[in-house]
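Just so you know, we're using this note's numbering here: the sequence shown kicks off at 2 and counts up by one.
Worth double-checking, as some hints may not be accurate.
[Said to hold, decoys possible] Have a look at the derived ranges for each label pair, beta carbon to beta carbon:
no. : residue 1 : residue 2 : range
1   : 108       : 148       : 52 to 60 Å
2   : 126       : 89        : 53 to 61 Å
3   : 15        : 121       : 18 to 26 Å
4   : 19        : 71        : 39 to 47 Å
5   : 22        : 151       : 21 to 29 Å
6   : 84        : 17        : 44 to 52 Å
7   : 132       : 23        : 44 to 52 Å
8   : 120       : 71        : 14 to 22 Å
[Claimed, not checked] In silico DSS-like links for lysine-lysine, alpha-carbon gap of 25 Å or less:
no. : residue 1 : residue 2
9   : 100       : 113
10  : 142       : 113
11  : 100       : 142
The set of hints was computed from the structure by calculation and includes no laboratory data.
Quick reminder that beta carbons are idealized off the backbone N, C-alpha and C, glycines included.
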Amino acid sequence: MKKRVLFLSTVGIAAGLLYALGIHGRKNGPASEQSKDRKLSGNARALADEVVATDLSGQAERASMGRIENGKAVVTGIQAELAIDDQGTDQFEASQILKNIRDGAFDASDEKLALALGRPTEEIEEWTSGSGLIDGDVIMKARALALQRGLEVE
2 MKKRVLFLST VGIAAGLLYA LGIHGRKNGP ASEQSKDRKL SGNARALADE
52 VVATDLSGQA ERASMGRIEN GKAVVTGIQA ELAIDDQGTD QFEASQILKN
102 IRDGAFDASD EKLALALGRP TEEIEEWTSG SGLIDGDVIM KARALALQRG
152 LEVE
């Protein structure tokens, strides 16, 4: 009787571990990726490929991954047109937002805005002049600062 209880508890523990680790009937690796592709119909596969291509197409042109020349980020035509946040803000609008926040909430001081955003003053000067690439994180922080200080942002 004791052997039977021990055996059943061991089997139960092993089954629980396999389930918890996700090994139960699911295979990892390229073969499972191919089987997933085979299960999709022609239209669904084309749509899935299009979504992946759309997601990957803009990644190289994002502000944080922009081209650097002489230690400074270079804004190209495509990068200036890309939205850098979920509200569709482009580089020009982001620069205007930073200028408005700097002028309205920080006494037109690049140093004070840089301190509040946790960035170097040189970056703030580049961003407000339009020569530097502004990323979504900066705009998110700037909008939060504007809200805290009661400033209206576009």
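A quick look at each hint next to the structure:
1. 108 x 148: 52 to 60 Å: Since the Cβ atoms of residue 108 and residue 148 sit about 18 Å apart, the hinted range of 52 to 60 Å is violated.
2. 126 x 89: 53 to 61 Å: Violated, at about 25 Å.
3. 15 x 121: 18 to 26 Å: At roughly 56 Å between Cβ atoms, residue 121 and residue 15 fall outside 18 to 26 Å, so the hint is violated.
4. 19 x 71: 39 to 47 Å: violated (56 Å)
5. 22 x 151: 21 to 29 Å: For residue 151 against residue 22, whose Cβ atoms are near 52 Å apart, the range 21 to 29 Å is violated.
6. 84 x 17: 44 to 52 Å: holds (47 Å)
7. 132 x 23: 44 to 52 Å: Hint holds: Cβ distance 49 Å, inside 44 to 52 Å.
8. 120 x 71: 14 to 22 Å: Taking Cβ atoms as reference, residue 120 and residue 71 lie about 19 Å apart, which means the hint holds.
9. 100 x 113: The given pair, whose Cα atoms are some 12 Å apart, holds under the 25 Å limit.
10. 142 x 113: holds (14 Å)
11. 100 x 142: Given that 25 Å is the threshold and the Cα spacing comes to 14 Å, the pair holds.
The structure fails to meet hints 1, 2, 3, 4, 5 from the earlier list, while all remaining hints are met.
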